[in-house]
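*Asks:* In order, the protein sequence lines correspond to chains A and B.
First residue of the first sequence: 1, per this note's numbering; consecutive thereafter.
First residue of the second sequence: 1, per this note's numbering; consecutive thereafter.
It should be emphasised that the hints constitute simulated quantities derived from the structure, not laboratory data.
No experiment lies behind these values; they were computed from the predicted model shown.
Careful: at least some of the hints might be erroneous.
Here are the simulated SDA-like cross-link-like pairs (lysine to any residue), alpha carbons at most 20 angstroms apart as the crow flies [what the hints assert, rightly or not]:
hint : chain 1 : residue 1 : chain 2 : residue 2
1    : B       : Lys50     : A       : Tyr236
2    : A       : Lys197    : B       : Lys134
3    : B       : Lys40     : A       : Ala117
4    : B       : Lys50     : A       : Asn226
5    : B       : Lys61     : A       : Phe166
6    : B       : Lys92     : B       : Ser163
7    : B       : Lys173    : B       : Pro88
8    : A       : Lys118    : B       : Gly47
9    : B       : Lys40     : A       : Arg93
10   : B       : Lys173    : B       : Thr84
11   : B       : Lys50     : A       : Gln231
12   : B       : Lys134    : A       : Arg156
13   : B       : Lys50     : B       : Ala66
14   : B       : Lys168    : B       : Thr67
15   : A       : Lys118    : B       : Ser163
Chain A stretches covered by chain B per the calculated footprint, using a threshold of three residues with CB under 8 angstroms from any CB of chain B [claimed, not checked]:
hint : region
16   : 152 to 158
17   : 164 to 177
18   : 180 to 187
19   : 237 to 244
Computed beta-carbon distance windows for the label pairs [unchecked claim]:
hint : chain 1 : residue 1 : chain 2 : residue 2 : range
20   : A       : Lys144    : B       : Glu198    : 48 to 56 angstroms
21   : A       : Gly142    : B       : Met36     : 51 to 59 angstroms
22   : B       : Met73     : A       : Thr119    : 41 to 49 angstroms
23   : B       : Leu137    : A       : Ser214    : 15 to 23 angstroms
24   : B       : Asn148    : A       : Asp227    : 30 to 38 angstroms
25   : B       : Ala162    : A       : Asp201    : 18 to 26 angstroms
26   : B       : Met73     : A       : Ala48     : 53 to 61 angstroms
Here a beta-carbon is modelled for each residue, glycine too, at the ideal position from N, C-alpha and C.
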Amino acid sequence: MKQILMAGMLMTSMVFAGAAMAQKSAADGIAEYRKMLEDGNPAELYEAKGAELWKKKRGPKNESLERCDLGLGPGVVKGAWVQLPRWFADTQRVQDLESRLLTCMETLQGFNAAEIAKTSFDRGEQETIESLAAWISASSRGQKISLPQGHAEERRMYELGKRAFFFRGGPMDFSCATCHGVDGQRVRLQDLPNLTKNPGDGIGFAAWPAYRVSSGNLWTMQRRLNDCYRQQRFPYPGFASDVTIALGVYMGVNARGAESIAPALKR
Amino acid sequence: MQHKHLIVGAVSAVAVLVAAGCAGMPSSDDLDREAMAMLKSSFTERGIAKMDRLEQDIGQKACSSATPPPEAMAKRIEAEALATIKYPSDGKYIGQWQDGEKLAQNGRGMSWSDASAQPSANGGSCYNCHQISKQELSYGTIGPSLYNYGKLRGVKDLNDAASNPIVKYTWAKIWNSKAFAACSNMPRFGHRQLLDEEQIRDVMALLLDPKSPVNQ
Chain A
1 MKQILMAGML MTSMVFAGAA MAQKSAADGI AEYRKMLEDG NPAELYEAKG AELWKKKRGP
61 KNESLERCDL GLGPGVVKGA WVQLPRWFAD TQRVQDLESR LLTCMETLQG FNAAEIAKTS
121 FDRGEQETIE SLAAWISASS RGQKISLPQG HAEERRMYEL GKRAFFFRGG PMDFSCATCH
181 GVDGQRVRLQ DLPNLTKNPG DGIGFAAWPA YRVSSGNLWT MQRRLNDCYR QQRFPYPGFA
241 SDVTIALGVY MGVNARGAES IAPALKR
Chain B
1 MQHKHLIVGA VSAVAVLVAA GCAGMPSSDD LDREAMAMLK SSFTERGIAK MDRLEQDIGQ
61 KACSSATPPP EAMAKRIEAE ALATIKYPSD GKYIGQWQDG EKLAQNGRGM SWSDASAQPS
121 ANGGSCYNCH QISKQELSYG TIGPSLYNYG KLRGVKDLND AASNPIVKYT WAKIWNSKAF
181 AACSNMPRFG HRQLLDEEQI RDVMALLLDP KSPVNQ
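Next comes chain A alone, as it looks inside the complex (with noise of 0.2 angstroms):
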């Protein structure tokens, strides 16, 4: 009740910002509304929930994942958020937090990584990778994004990530970058952070996961790049599959130096 009331208001003082700051920067009103509410993101919410989930007993092996390694060694949570995508020896692959969760989630407690995949976003253990995001990337709060290429994998997927970026197809002939591929262009009233550099601290990469006014949830980055990529006319990009992932390494490593605040709030 508490969060719709919230939404409600954030969506009402939207509305009524709205007119006179039309031609002022979108970002100046979301800036200020994200003032307003300092001690309210409605994320919050699912922070306190990721928490619990991270220490609670679950799953078919009932275990907790207190001994998931998130890149800085097993049950090490603040700073890891940071460094993500990376490359993991024990998988053999270079990870997000969604696809490293799924990992954590099908070893230590027994779930089907692929089952939970398939889920739609909101739903069952969907949800719970959304609330884990959400507390995960609040541990690194403040902290700057600073993703390792030290490994040739890291290094092969900023390059497929790259050209991912670029790729125009579909009936409108959209890429990532007829958005994101240069400075101060918007969408209607949405200002598009340009995510071939540094778009600035808190700004692009640096602001997901976040919880998104308008639609009344929690999205990661794995559920904002399913969305662009549904606005860009594409297929369907598969959960945690590597374009997803390459993606993140490039914006990621593009980001290098912004501070994260994530879980941002979202229009």
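Using the hints provided, position chain B relative to the given structure of chain A.
*Replies:* Relative to chain A, chain B alone:
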């Protein structure tokens, strides 16, 4: 003899160094192929969004990197695009600006969450990227402002033959934008059957009709 051995030794030392420097990084061509394979294995069809959407035509392919294609390629793409343009069979270019405004506002269509890929299910998405009428404040800036589009180009009377060139150009730009800029960000509304002739006529009216709010 000894001299020859030295040379061979030096060459292989260089080869080792080159190999070490490139360890793990495939060539640019290999990466292109790997990227394509990655896309094919990462996506699946859903609803109207089939896998053929990843099959690029020559223009999409040439405009898929941070650097624009060479001049000759750009010219070829533009010439081929120009040849695709179908002008209205009955010579009627202008519809209702009121309907054009609705299409300009409507950003729906062609995604996996849309039921039909027919033009009738699609909007023009124009305001996503362009300023058009002065009344709509929520417009994008990826494309140039189209406010006063007809007025600025001297269109006072659509029946006047003097208006013909700009009318025909505008139709062609909407039909296949790549005829005038190989890597234009604008969709090819006629060529890719995103809008039908009737819908394009209405968008034409929004831009060119002296009575349209765009030209006040």
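*Asks:* For each hint, tell me whether it holds in the structure or not.
*Replies:* Hint-by-hint comparison with the structure:
Using a Cα cut-off of 20 angstroms, the hinted pair lysine 50(B) and tyrosine 236(A) holds, with the two alpha carbons roughly 9 angstroms apart. About 33 angstroms separates the Cα atoms of lysine 197(A) and lysine 134(B), which puts this hinted pair outside 20 angstroms; it is violated. Annotation: proposed proximity of lysine 40(B) to alanine 117(A) holds, straight-line Cα distance about 18 angstroms (limit 20 angstroms). Using a Cα cut-off of 20 angstroms, the hinted pair lysine 50(B) and asparagine 226(A) holds, with the two alpha carbons roughly 16 angstroms apart.
Pair hint lysine 61(B) plus phenylalanine 166(A) holds up; C-alpha atoms about 10 angstroms apart against a cutoff of 20 angstroms. Of the supplied pair hints, the one linking lysine 92(B) and serine 163(B) holds, its CA atoms being roughly 13 angstroms apart against a limit of 20 angstroms. Note on lysine 173(B) and proline 88(B): the hinted pairing holds, with a Cα-Cα distance of about 14 angstroms set against a maximum of 20 angstroms. Pair hint lysine 118(A) plus glycine 47(B) holds up; C-alpha atoms about 16 angstroms apart against a cutoff of 20 angstroms.
Among the hinted pairs, lysine 40(B) with arginine 93(A) is consistent with the structure: their alpha-carbon atoms are about 18 angstroms apart, no more than 20 angstroms. For the suggested pair lysine 173(B) and threonine 84(B), the alpha carbons sit about 11 angstroms apart, so the restraint of at most 20 angstroms is met. For the hint pairing lysine 50(B) with glutamine 231(A), the CA-to-CA distance comes to about 14 angstroms; that is within 20 angstroms, so the pair holds. Taking the CA atoms of lysine 134(B) and arginine 156(A), the gap is near 47 angstroms; set against the 20 angstroms cutoff, the hint is violated.
Of the pairs offered as hints, the one joining lysine 50(B) and alanine 66(B) is violated, with about 26 angstroms between alpha carbons and a cut-off of 20 angstroms exceeded. The hinted pair formed by lysine 168(B) and threonine 67(B) fails the criterion: a straight-line CA distance of about 31 angstroms is larger than 20 angstroms. The straight-line distance between the Cα atoms of lysine 118(A) and serine 163(B) is roughly 55 angstroms, outside the 20 angstroms bound, and the hint therefore fails. Counting residues of the region 152 to 158 of chain A whose CB lies closer than 8 angstroms to any CB of chain B gives 4, which reaches the minimum of 3, so the coverage claim holds.
With a cut-off of 8 angstroms between beta carbons, the region 164 to 177 of chain A has 12 residues touching chain B; three or more are needed, and the interface restraint holds. Coverage of the region 180 to 187 of chain A by chain B holds [criterion: at least 3 residues with CB-CB distance below 8 angstroms; count 5]. Residues of the region 237 to 244 of chain A with a Cβ under 8 angstroms from some Cβ of chain B number 6, which satisfies the need for three, so the listed coverage holds. With their beta carbons about 54 angstroms apart, lysine 144(A) and glutamate 198(B) fall inside the hinted range of 48 to 56 angstroms.
At about 39 angstroms, the CB distance of glycine 142(A) to methionine 36(B) disagrees with the hint of 51 to 59 angstroms. Taking the beta carbon of each, methionine 73(B) and threonine 119(A) are about 44 angstroms apart, inside 41 to 49 angstroms as hinted. Between leucine 137(B) and serine 214(A) the beta carbons are some 18 angstroms apart, a value that agrees with the proposed interval 15 to 23 angstroms. In this structure the hint that asparagine 148(B) and aspartate 227(A) lie 30 to 38 angstroms apart at CB holds, the actual value being about 34 angstroms.
Range check, alanine 162(B) to aspartate 201(A): about 54 angstroms between beta-carbon atoms, so the 18 to 26 angstroms window is missed. For methionine 73(B) and alanine 48(A), the Cβ-Cβ distance of about 55 angstroms falls inside the hinted range of 53 to 61 angstroms, so the restraint holds.
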